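Just so you know, the sequences run in chain order A and B. Every letter in the first sequence is one number past the one before it in the numbering used here, and letter 8, counting from 1, is 8. So the number in the numbering used here is just where the residue sits in the second sequence, counting from 1, plus 1000.
Among the hints, erroneous ones may be present.
Said to hold, decoys possible - SDA-like, lysine to any residue: derived pairs with alpha carbons at most 20 angstroms apart:
# : chain 1 : residue 1 : chain 2 : residue 2
1 : B       : Lys1133   : A       : Gly56
2 : B       : Lys1172   : A       : Thr105
3 : B       : Lys1133   : A       : Asn69
4 : A       : Lys21     : B       : Val1087
5 : A       : Lys21     : B       : Lys1133
6 : A       : Lys58     : B       : Leu1060
7 : A       : Lys21     : B       : Val1093
What the hints assert, rightly or not - Some residues of chain B that are not near chain A, with every Cβ distance over 12 angstroms (derived):
#  : residue
8  : Arg1046
9  : Asp1151
10 : Thr1152
As the list claims (entries may be wrong) - Example chain A residues on the side facing chain B (calculated, C-beta under 7 angstroms, incomplete):
#  : residue
11 : Ala17
12 : Val24
13 : Ile26
14 : Ile30
15 : Ala70
16 : Thr86
17 : Ser94
Read the hints as simulated data drawn from the structure, not as lab findings. Just so it is clear, the structure is predicted and the values come from calculations on it, not from any experiment. Heads up, the beta-carbon is just placed ideally off N, CA and C, and yes, glycines get one too.
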Amino acid sequence: MLYALCFLLFMIGLYCAVVKKNMVKIVIGIVIMEYAVNLFLIMLGYRTGGQAPIVGQKDIAATGTELTNAFINSSVDPLPQALVLTAIVISLGSLALMISICIRTYEKYGTFDITEIRRLKG
Amino acid sequence: MIIFYCLLIFMLIAAIVAVETEKLLSSVICIGAIGFGASLMFLFLRAPDIAITQIVVEVLGLIILIRATISRDLTFITGDREFFEVVVSVVIVFVIFLAGIQVLQTLPDFGSPIFAQVADAPSNTYVSRGLGKTGAANLVTSVILDFRAYDTLGEATVLFTSIIGATVILRKKCRKKMEETTG
């Protein structure tokens, strides 16, 4: 059910990116889709009653570098978290690129309306 | 469990307002609400690193978006595209919706991750051997900086490429000089 709500968020973003004709609205739709996908990936790794994948003092077994079974059996998945960390930073870069394209288009044509922008010239 | 539903419904309402409102500035502020809701959700999903990164990226992204919309808010663009385009778009959205519904059936239940059921999933190695192999107490750090360090290198490359692209698009000085010489 939580996955379905997250998918609904994705669909709202997709609708906004496909139907609207304001350039900034399209960028906003893409940003909403990015949030939904990041949230979905993190939710896939969640474990009920789990703990964050950070080793504390009490999680190290008495024998030395080995971890206790309690930590291994209750930690959430660290792999999606690492990859989503990468994806969030990349989404900031792509957002800056898209917005700079919008600003240049506004300077050249004086509007954000994509149906008005039909003349293509260098 | 209840807190996840509350946060997701809050984010959905904010998303609907962001899509349907007419003023661009209010739409951008709703994006900020979605982002901070997502950050809280990451915190409750036991991912504190993601929550911190999300807050930083959210603030920077809001600054960028407000830079694009401030003082340009006079251009109200209402209405959607032409009728035929809207019909085609809605059909595409509907097909993707049906495909997503099919995928939702195959997902595992919320709260029981896949790596706990598959014995040789890489996440098991990361969790059980991460501290011994890399010496990092934070397992996410050990994954991004040691096990998958090339991914992080590629991420830095993508980030620099996009910033170079934005700088090239937004620069003014050289373009004016070129126009003067040619014109």
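So, going through the hints one by one against the coordinates:
A threshold of 20 angstroms between alpha carbons decides the hint, and for Lys1133 of chain B with Gly56 of chain A the separation of about 16 angstroms falls inside it, so the pair holds. Proximity of Lys1172 of chain B to Thr105 of chain A is assessed by CA-CA distance (about 14 angstroms); at most 20 angstroms being required, the pair is judged to hold. The straight-line distance between the Cα atoms of Lys1133 of chain B and Asn69 of chain A is roughly 17 angstroms, inside the 20 angstroms bound, and the hint therefore holds. This hinted pair checks out: Lys21 of chain A and Val1087 of chain B have alpha carbons roughly 14 angstroms apart, not beyond 20 angstroms.
Pair hint Lys21 of chain A plus Lys1133 of chain B does not hold up; C-alpha atoms about 52 angstroms apart against a cutoff of 20 angstroms. Pair hint Lys58 of chain A plus Leu1060 of chain B does not hold up; C-alpha atoms about 37 angstroms apart against a cutoff of 20 angstroms. For the proposed pair Lys21 of chain A and Val1093 of chain B, the alpha carbon gap of about 16 angstroms is at most 20 angstroms, so the pair holds. Some Cβ of chain A comes within 12 angstroms of the Cβ of Arg1046 of chain B; the nearest lies about 4 angstroms off, and the non-interface call is violated.
A beta-carbon of chain A comes within 12 angstroms of the beta-carbon of Asp1151 of chain B; the shortest separation is about 6 angstroms. The Cβ of Thr1152 of chain B does not lie farther than 12 angstroms from every Cβ of chain A; its closest approach is about 7 angstroms, which violates its non-interface assignment. Taking 7 angstroms as the C-beta cut-off, the interface hint given for Ala17 of chain A is violated, the closest approach to chain B being about 9 angstroms. About 5 angstroms separates the beta-carbon of Val24 of chain A from the nearest beta-carbon of chain B, less than 7 angstroms, and the hint is met.
The beta carbon of Ile26 of chain A comes no nearer than 11 angstroms to any beta carbon in chain B, farther than 7 angstroms, and the hint placing it at the interface is violated. For Ile30 of chain A, the suggested interface contact is broken, since its CB lies about 11 angstroms from the closest CB of chain B, more than 7 angstroms. Hint status for Ala70 of chain A relative to chain B: violated, with the closest Cβ pair at about 12 angstroms, above 7 angstroms. The criterion of a C-beta within 7 angstroms of any C-beta in chain B is met by Thr86 of chain A, whose closest approach is roughly 5 angstroms, and the hint holds.
The interface hint given for Ser94 of chain A holds, since its Cβ lies 6 angstroms from the closest Cβ of chain B, which is under the 7 angstroms cut-off.
Hints 5, 6, 8, 9, 10, 11, 13, 14, 15 from the earlier list are contradicted by this structure; the remaining hints agree with it.
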